[in-house]
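Q: Using the sequences plus the hints, can you model the full thing?
For the protein sequence lines, the chains are A and B, in the order given. Under the working numbering, the first residue of the first sequence carries the number 1, and numbering increases by one thereafter. Under the working numbering, the first residue of the second sequence carries the number 1, and numbering increases by one thereafter.
Straight-line distance between alpha carbons at most 30 Å, and here's what the computed DSS-like set of lysine-lysine pairs gives:
id, chain 1, residue 1, chain 2, residue 2
1, A, LYS152, B, LYS54
2, A, LYS152, A, LYS287
3, A, LYS164, B, LYS54
4, A, LYS41, B, LYS36
5, B, LYS113, B, LYS73
6, B, LYS84, B, LYS54
7, B, LYS36, A, LYS162
8, B, LYS116, A, LYS40
9, A, LYS170, B, LYS36
10, B, LYS113, B, LYS128
11, B, LYS117, B, LYS54
12, A, LYS162, B, LYS73
13, A, LYS170, B, LYS73
14, B, LYS84, A, LYS152
15, B, LYS113, A, LYS41
16, A, LYS41, B, LYS117
17, B, LYS36, A, LYS40
18, B, LYS128, B, LYS54
19, B, LYS117, B, LYS84
20, B, LYS54, A, LYS170
21, A, LYS164, B, LYS84
22, B, LYS36, A, LYS152
23, A, LYS40, B, LYS117
24, B, LYS54, B, LYS116
25, B, LYS84, A, LYS162
26, B, LYS73, B, LYS128
27, A, LYS170, A, LYS287
28, A, LYS41, B, LYS116
29, A, LYS152, A, LYS48
30, B, LYS116, B, LYS36
Derived coverage of chain B by chain A (criterion: at least 3 residues anywhere in the stretch with Cβ under 8 Å from a Cβ of chain A; other residues may be distant):
id, region
31, 40 to 46
32, 82 to 90
33, 103 to 111
34, 137 to 145
For each label pair, taking beta carbons as the anchor points, the in silico distance ranges come out as:
id, chain 1, residue 1, chain 2, residue 2, range
35, B, LEU95, A, LEU245, 40 to 46 Å
36, B, LEU91, A, LYS48, 36 to 42 Å
37, A, PHE81, B, LEU95, 27 to 33 Å
38, B, THR48, A, GLU247, 58 to 64 Å
39, A, TYR52, B, GLU69, 40 to 46 Å
40, A, PHE95, B, SER44, 50 to 56 Å
None of these hints come from the bench; they were simulated from the model. For each residue, glycine too, the CB sits at the ideal point set by N, CA and C.
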Amino acid sequence: MNNCEYQQIDPQALSTPIPTPTLPQPTVVVEKEKREKARKKWEVFPGKNRFYCDGRIIVAGQSGVLPLTIGLILVTTGLFFVFDCPFLVKHLTVFIPAIGGVLFVFVVISLLQTSFTDPGILPRATPDEAADIERQIDSSGSSSYRPPPRTKEVMINQQVVKLKYCFTCKMFRPPRTSHCSLCDNCVERFDHHCPWVGNCVGKRNYRFFYTFIVSLSFLTAFIFGCVATHLALRAQGGRGLMFALQESPASAVELVICFFSVWSILGLSGFHTYLVASNLTTNEDIKGSWSGKSGAEDTVNPYSYNTIITNCCSVLCGPMPPSLIDRRGFVPVEASSQTSATEMELPMLPVKKETNVCAQGTKDLLGSASRSPCPTTGKPQPVAAADPAVTFNPALISDPAAMPSLTCGGRHHSHTTSPPDEPRHHHHHHNRHHRTRSRRGRGSKRPALHISNPAYNASLSPPSSPGPRPSHTGARDPRRDSIVALH
Amino acid sequence: RPEPNRKSLEGAESPYCPATFHNLQELRHSASLANKVFIQRDYSEGTTCRFQTKFPSELDSRIERTLFEDTVKTLNNYYAEAEKIGGQSYLEGCLACTTAYIIFLCMETRYEKVLKKIGRYIQEQNEKIYAPRGLLITDPIERGMRVIEISIYEDRASSGSSSGSSSTSGTSAR
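A: If you want it as C-alpha cells, here you go:
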C-alpha cells in the first residue's frame with residue numbers, strides 16, 4: 001500500500017514504478033561499476049585492516065613492532081650464521097647450522113602466517129540483520145526507564161554465559177568473541193592483540209602464533225647455547241673471556257639479545273601451553289571468567305574437554321575454519337548500490353557545512369527556481385538522516401532519477417555502519433531523540449524530503465513493505481510519518 | 001586454493017514446474033522482497049556451528065514445519081561433520097604443523113570441502129523446495145556463519161505470472 005502511495009506522490013523521481021525496485025538501480029550501478037571496476041569486498045571492508053596482493057594478505061591497521069621483531073630475528077640469526085657457525089662447524093659438528101636453519105625457517109614462516117592471516121574476523125551485521133536484532137531487543141524488553149541491557153544469556157554445557165551486544169558490529173557477539181579496538185573488528189575466540197606480531201591472535205591464527213613462540217623460544221635458547229659454547233671454546237686454554245669476545249664481538253651482541261629474549265619468550269610459551277591445555281584464551285584468563293574471580297561460584301570453563309590431550313588437539317590440530325570475510329569476493333550488486341553510494345558519499349560528508357550546495361542540489365531536482373537553503377536546525381545533527389539534501393552534490397546530479405536512490409541508500413548504509421554516538425547506554429534513544437528534533441525543524445523542507453523518500457525506500461532492498469512490520473531503525477520513522485502526514 | 005562456491009544462488013537455471021515461481025531467476029525478477037527471517041545460532045553445545053531449529057512464525061503460512069526443520073538439521077549435520085575433531089583432523093593438523101602450515105596454501109582443507117557441499121545442498125533446496133514457495137535461503141557463510149537468512153518474497157500484484165495461490169499467500173502474510 002505505502003509503496004504505491006509513495007509512487008503517486010513523486011513520479012519524476014523514479015522512471016519506473018516502485019514494484020520493480022531493482023530495475024532502475026542496476027543500470028546506474030552497472031555504469032558506475034564499469035567506471036569503478038567491480039569492487040572486491042576487501043576494498044569496502046569497514047575495519048581498520050589493510051590488504052595487500054589484491055586481498056590475499058591482511059594486516060592490522062597498525063603494524064605495531066612487527067618490523068622490529070623481524071629485524072631482531074634476522075639480525076641475530078644472521079650474525080649467528082656468519083660469525084659463530086664457521087667456528088662451531090670446525091670444532092663441533094655440521095648439524096649446528098642445520099638445526100639452526102630449520103628453526104629459523106619455522107620461526108619466520110609462522111611469524112608471517114600469524115601476521116598475515118585473518119585471525120577470525122566476524123563480518124559486521126548486514127542492515128537487515130541489525131534491524132531484526134534491534135527489533136527483538138525492543139520487543140523483549142523493557143518497560144523500565146533504563147535503556148534495555150544489551151546482553152543475552154545462553155546456556156552452554158549447563159553453564160550460563162552472557163553474550164554482549166557489539167555496538168560497532170551491530171550484533172550479539174558469539175561466545176568467546178571479543179571486539180578489538182585497535183583493529184575495529186570482532187574476532188572469534190579472541191586471545192589478544194599482539195603488537196610484536198602486528199595482528200590480533202584469534203581462532204584462525206592461534207596455532208600459527210603458538211608455533212611461532214615455541215619455535216622462537218627453541219631458536220633463542222639454541223643460539224644462546226651455541227654462542228656460549230663458542231665463547232667458552234675460544235676462551236679455553238687460559239686465554240680468558242675478554243680475548244674471546246675481542247675475537248668475536250658479534251657473539252656479544254647475540255648473547256645480550258638472546259639473554260633478554262629467552263626469559264620472556266620462554267615465559268610466554270609456558271603461559272600459552274597452560275592456556276592450550278586448559279582451552280582458555282588470554283582474554284578469559286585475564287578477566288577471570290571461569291576461575292570464579294568474578295564472584296560467581298561454581299563456574300567451570302564450558303569449552304574445556306577436561307583432558308589435556310583433547311584440549312591441546314582441539315586447539316592446535318583441529319580443523320582450520322574458513323575466513324568469514326571473503327576478502328576477494330566481489331561486492332554483490334544490491335549491496336554495491338549501497339556501498340558505492342557510501343563511497344560516493346564519504347567525501348561528501350565533510351561538505352555538510354556548505355548549505356548552499358545542498359540548496360542547489362534540491363533546486364535542480366525539484367526543478368523549481370528558488371528554494372530556501374537548508375535550515376540550520378537540520379545541520380548539527382550528527383547523523384545525516386536529518387538532511388536528505390545535504391548529501392546532494394551538484395556534480396553528481398547528472399542522473400537525478402537514480403541519484404537520490406543511491407545517496408539515500410548510501411546514507412542509510414553509512415548510518416547503520418558508523419553511527420557517531422556509539423557505545424553509549426542511550427544509543428538507541430539518543431538517536432530517536434535526534435530524529436524527533438529534526439522532524440520538527442523541517443517545515444520548509446518537506447518537498448525536498450519527500451523527493452528522496454520514495455527513492456530512499458525503493459533503494460533499500462527490503463522496501464517498507466505493506467504489512468504489519470514496524471520500522472526497524474529510527475532513520476525510517478520520520479520519513480514514513482512525514483509522508484503519511486502529507487496525505 | 002579455490003574459494004568455496006559462495007554464489008550458491010546465482011544462475012539457477014533449471015525450471016521447476018509447475019510452481020508459482022518457476023526458477024530462482026523468475027523469483028528474483030518477478031517478486032518483491034517482503035521480509036527476511038533470521039535463524040540464529042544455537043550455542044547450547046559450545047562454539048561449534050549449529051542453528052536453532054525453532055520454527056519462526058513468519059514462515060508459518062509459507063512452508064511446512066517438517067521441511068524447514070529437515071533443512072536446518074541437515075545443515076547442522078554438515079557443519080558438525082566439518083568441525084569434527086577426530087582421527088582425520090588430527091592427521092591433517094599434525095601434517096600441517098610439520099610443514100610449518102605451508103600445505104594450507106596448497107591444499108583444500110576438509111572444512112572447505114564440506115562448505116562446498118553445503119553450498120550445493122542449499123542451492124538444491126532452494127530450487128526444489130523454497131523457491132516454489134517464494135522463499136530463498138542465503139548460505140550462512142555469506143553472513144559470517146551467524147544466521148541463516150531466509151528471504152520471503154511476495155508476488156507483485158501487477159505481475160502476470162502470479163497465480164492465485166501466491167497472491168493469497170501474499171495477502172495472508174500481510
